[in-house]
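Read off the chains here:
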Amino acid sequence: MKHALKPSQYLILIAVMLTASVGDTLLSRGMAQVGAVDFQHLHLLWVALFNPFVISGIILLIGFFASYMTALSWADLTFVMPATAFGYVVLALLSRFWLHEHLSLYRWGGIALIVCAVGFVAGGPSRTEHPEEHHELGRMDSGAGR
Amino acid sequence: MTTASALRTWSAIGGVAALAILGEVLIAAAMRRLGDLDHLRTKPGMLGYLGPIRAILSSPVFLIGAFCMAFNFFAMLYVLSIVDLSLAAPAIASLTYIGNAIAAKLFLGENVDRRRWLAVLFVCIGVILISH
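In the order they appear, the protein sequences are chains A and B. Using our numbering, read the first sequence as starting at 466 and increasing by one per residue. Using our numbering, read the second sequence as starting at 361 and increasing by one per residue.
Take these hints with a grain of salt, some might be off.
Said to hold, decoys possible - Here are some, though not all, of the chain B residues that point toward chain A, as calculated from beta-carbon distances under 8 Å:
hint	residue
1	Val385
2	Met391
3	Asp396
4	Ile490
Said to hold, decoys possible - Where chain B lies over chain A, by a calculated footprint (3+ residues, C-beta under 8 Å):
hint	stretch
5	540-547
6	581-591
If you're looking for bench data, these hints aren't it; they were derived computationally from the structure. Cβ coordinates follow ideal geometry from the N, Cα and C atoms, glycine included.
Using the sequences provided together with the hints, build the complete structure.
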């Protein structure tokens, strides 16, 4: 392995994968209960804020944003991107094994491709090292800005 | 689909994808500049997270990126009112993936090697198949 992620960093990536898809599902389930919101029924947005599905969806999406930004603080954008795409796989598998929906061959093919993509990227380095980043302190000390 | 409505559909999809790319690249640039958030923690425990949160919120690059993402959210709602979800969702997702990879290489200086390009291609086809 060319990169060494700490166990806590793997946990953050797993959180990125799970929170976005589960949060979206909870939100759409909650909004389906609340009903269609349009300009005549804007007060429904206020009602939605008290729906337990909407509340838990919002909490999970805040968790997604926090873990996504944490991941970006130590990994490349192109390294984290497949992890967010893995959310689609989680969604499809949830609908198959939790809601017992039928998955077509196309969707199984899509799942396989995204899993492969995660495998490709996970096998490589997590971060591009820029040599100038290591000298930033020295440059600040000498006062030679660019 | 007439030429005019196809043009409107695809410019709406392209616009939303461009906003998403701009937002993600700005946020990624801000986070890269801040570095590992663990090092910004002021003390152990929950209160220690105030350090990273303050650092993130005082980064103008992050704030502009977050504004783009919020604007992207509302633009997405508009697109969904004129384009079918089954076309808009995979089209926007794939365009955003490709655009992110190109922008990460050009503007963030990331080393997008062959395996990452392959991953982008696989994710795009995978997303299209899953929403089929």
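Structure-based check of all given hints:
no. : hint    : verdict
1   : Val385  : holds (7 Å)
2   : Met391  : holds (4 Å)
3   : Asp396  : holds (5 Å)
4   : Ile490  : holds (3 Å)
5   : 540-547 : holds (count 6)
6   : 581-591 : holds (count 8)
Violation of the numbered hints given earlier is absent; every hint is satisfied by the structure.
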